[in-house]
Amino acid sequence: MFADYSASELTAIFAMQGFAGLILFSVLVLMALGLAIIFGQMGVINMAHGEFMILGAYITYLTSNIFAEYMPSLFVGYFFVAMILAFGVTFLLGMAVEWGLIRFLYKRPLDTLLATWGLSLILQQLYRTIFGAREVGVSLPDWMMGSYALTDIIEVPINGIFVMVLTLVIALSVYWLMYKSGWGRQVRAVVQNRPMASAVGINTEKVDRITFGLGCGIAGIAGSAFTMIGSTGPTSGQLYIVDTFLVVVFGGAQSLLGTIASAFSISQAQSTMEFFLSGSMAKVLTLLFVVGILMLRPQGLFAMKIRH
Amino acid sequence: MMHSLKQIFPRNDVIAFAILAVILAVVFPLTMDIFRLNLVGKYLTYAFVALGLVLCWGYGGILSLGQGIFFGLGGYCMAMFLKLEASSPENTAIQSTPGIPDFMDWNQLTELPWFWEPFHSLPFTLFAVIAVPTVFAFFIGVAMFKRRVGGVYFAIITQAIAAILTILIIGQQGYTGGVNGITDLRTFLGWDIRTDSAKYLLYFVNLVLLFVCLAIAQFVRKNKLGRILVAMRVREERVRFSGYDVSNFKIFVFCIGAMFSAIGGAMFTLQVGFMSPTFVGIVPSIEMVILCAVGGRLSIFGAIYGALLVNFAKTSFSETFPELWLFAMGALFISVVLFFPNGLASLYQQYVLPWVQAKFKRQPKAIATEQKAKTEVKSASQKTDDDDDSASLIAGARYEN
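Chains as they are written, first to last, in the working numbering: chain A, 1 to 308; chain B, 1 to 401.
These are calculated hints, taken from the structure and not from any lab test. If you're wondering where the values come from, they're calculated on a predicted model, not measured in any experiment. Treat the hints with care, as some may be off.
Here are the computed distance ranges between Cβ atoms for each label pair [said to hold, decoys possible]:
(1) A/R134 to B/P10: 33 to 41 angstroms
(2) A/F104 to B/Y351: 20 to 28 angstroms
(3) A/E135 to B/L347: 35 to 43 angstroms
Example chain A residues on the side facing chain B (calculated, C-beta under 8 angstroms, incomplete) [what the hints assert, rightly or not]:
(4) Y106
(5) L110
(6) A115
(7) L119
Idealized CB from N, CA, C, for every residue including glycine.
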């Protein structure tokens, strides 16, 4: 399949497809980070994670419309406001869901899966009622449009670069939050030994609630980023949920580094194959590859070595 | 070790079988027109899946979110046979290549793919309907359970496989019919399946198969196997240390679930007249779990009532308030999980059964009080650690050995 292309063309194809893969990678990482916190740290299966992401995307859409309508002079910076709003709203909704639903189900992980699926159906219909069944897109400010020419034939889009920088910032701050801050220490203590953590004075319920909220909040930011590369519809979230779960499981559920590595390999494999095969076959092959590896190595790529 | 029929079918269950049989085989056919009856037939094909899930999930604790895979495989096997019959060279004379299914002709295929060839034969098709999904389930089961992958991971991976299969079917239009699926099925060995009389007959064939599956499920449930399944769900390590190979039991019950689903899928194709990827993917697979959960994950009869009720509700909602259906479905998922983890069956046992017993006084007083005592003991033991529960279960299984 490489025979029809010259060497320099192939390099350009791999570079550009590789870059397209990096953008997919960024969105996958943002979605998977939230899920990895919720699933990896709390053991909760949040099937509504995709809907939290879409909520972030809709908030970005609303913000861009409000800015375009009332504050056109500030439109260049709307995206940062939208991101903060998206994080805030999904964070609060996440805490509310934890309080109203998840906290009763910690001992029944399979049941959280069904309950959050129900939640995702309700949210989807809610979006359809409010925003309509059509997909919506946001208009980007001028500085995000266009592309940056690396060489004569290799061009990279600027919004892609922005999404990648954003991902890097979020990933680093999550790392800092989980492994360097006092709060992260509390979360890890609760995960490792709940009764003991509670005995030394950690308010485990509060930690649970904030952890869940944080995971949802990161999904909201992922949704914000998602608007820059695709349009948003009521069921867009569902398309990504299986991929995201695979990313988290493939990486080893409790390892943030594993999550990033697996998101990288999955997105690169898919976008490179997409150029040569049809999109659906590329996806089938990628998913089959992941499922195959998971069957050989169920603990994922980077499993934590702890005794249970 | 032999079980007498009486042990496998205690009187209460025989009554439940009889009530279900009367409702499905007498009341529905007499009160409904053929359109509605055909719909009920369609709902009952989902009941096969729900029944398999009662064994897998309710008893064995294995939540499969990929039952649509097996439903679809069974359905597609049957649809391939019917499609080949419908696309005889005479029927497809206008195509550029007569004698192959129409969607292949549209996709510029000029000959039948090799894997379609055997589906010219009915015996092979009937064999494939059962064998393909069961063998597939066996491979998934061996790969997962032998490595002790279970619970949540198993659920996610089965879900991913369902997603892969859907994308594959949609992507390979020329071989599978793509998004539209395999449509325009007409005859079964020359017998037109679209007529009213055929629909009546198929409804009853479906019922007979459903009761066969129910009997198999009852046999599994009341046997030592059923006890081991429950023990395995409650405390897997203990069963393993008692000398049982846990993974083999899991593989077995997963294969049974797959086989039931496949039969349902094949009957779906026959009764509805088409098969499409919308019955394979993630969404239908999870909906099938909720049918089982609404009925009661530990009740084989509950699964059937659950499948009927949820689908009745779905049809009537979609006819009148289509936009409310997803809200109702979502609320159903949440409320079943939060408030009725054992579904309708537990409501029946808590409220209806005592009332029925008091009303009809079928049993002498002594037995009734004994039963009451039993339920009290049961509820008390539920409060204690489930360790004791599983220990006594394993002990029971051992004792029967």
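These are the hints, each one checked on the structure:
Against the hinted window of 33 to 41 angstroms, the Cβ-Cβ separation of A/R134 and B/P10 comes to about 57 angstroms, which falls outside the hint. As the Cβ distance of A/F104 to B/Y351 is approximately 23 angstroms, the hint placing it in 20 to 28 angstroms holds. Range check, A/E135 to B/L347: about 42 angstroms between beta-carbon atoms, so the 35 to 43 angstroms window is met. Restraint check, A/Y106 versus chain B: the minimum CB separation of about 13 angstroms is more than 8 angstroms; hint violated.
At its closest, the beta carbon of A/L110 sits 5 angstroms from a beta carbon of chain B; the interface hint therefore holds under the 8 angstroms criterion. At about 4 angstroms, the closest approach between the beta carbon of A/A115 and any beta carbon in chain B falls short of 8 angstroms, and the interface hint on this residue holds. A cut of 8 angstroms between beta carbons decides the hint on A/L119: the least distance to chain B is about 6 angstroms, and the hint holds.
In summary, the structure is inconsistent with hints 1 and 4 from the numbered list given earlier, while agreeing with the others.
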